[in-house]
Amino acid sequence: GRCCCCCCPTGPFFEPAAKTVAVCPGPQLLEQSHPKAKGTTTAQRSARKVKNVNAPKRSRSAFIFFTMDRRDEVVSQNPDLRGRVTEVSKILGAEWKSMSARQKKPYETQAKRDKERYEREMKEYYK
Numbered sequence: 001g002r003c004c005c006c007c008c009p010t011g012p013f014f015e016p017a018a019k020t021v022a023v024c025p026g027p028q029l030l031e032q033s034h035p036k037a038k039g040t041t042t043a044q045r046s047a048r049k050v051k052n053v054n055a056p057k058r059s060r061s062a063f064i065f066f067t068m069d070r071r072d073e074v075v076s077q078n079p080d081l082r083g084r085v086t087e088v089s090k091i092l093g094a095e096w097k098s099m100s101a102r103q104k105k106p107y108e109t110q111a112k113r114d115k116e117r118y119e120r121e122m123k124e125y126y127k
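With our numbering as the guide, the letters of the sequence shown map in order to residues 1 to 127.
Honestly, the hints are just simulated from the structure, not real lab data.
Just so you know, nobody snuck in bad clues.
In silico DSS-like links for lysine-lysine, alpha-carbon gap of 30 Å or less:
1. Lys-112 to Lys-90
2. Lys-123 to Lys-105
3. Lys-112 to Lys-57
4. Lys-123 to Lys-104
5. Lys-104 to Lys-90
6. Lys-97 to Lys-115
7. Lys-105 to Lys-57
8. Lys-97 to Lys-112
9. Lys-115 to Lys-105
10. Lys-57 to Lys-127
11. Lys-115 to Lys-104
12. Lys-57 to Lys-115
13. Lys-51 to Lys-115
14. Lys-112 to Lys-51
15. Lys-51 to Lys-123
16. Lys-90 to Lys-57
17. Lys-104 to Lys-57
18. Lys-112 to Lys-123
19. Lys-97 to Lys-57
20. Lys-51 to Lys-127
21. Lys-115 to Lys-90
22. Lys-57 to Lys-123
23. Lys-115 to Lys-127
24. Lys-112 to Lys-127
25. Lys-105 to Lys-90
For clarity, every value in this text was computed on a predicted model and none was experimentally measured.
Taking the hints into account, I'd like the entire structure generated from these sequences.
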């Protein structure tokens, strides 16, 4: 059997150019030290992530408001990017980065209002 680490000559990621020779801890030790192997099952881990569906939606950032406003226009100008979320996001990120504070102001105002809405709803939620 092959080892599962990079320090053992039988491991798939072994780099023979390494100047120091490490002793392979073995797959049993690697499994024990794995962060997911702390005695919890998958069901227990996912149970902690459950969110109350009645909780208020988090506030959106100025950048999110900007992308909501511009995404359709960017895709219509670049039809080859339809369905390619990563590329569209890169274009929008570059646009946002090149914008002046004055150009960003309307989106920051929207974000501020949305944050106030969120805080108001959270107070109501925890009453």
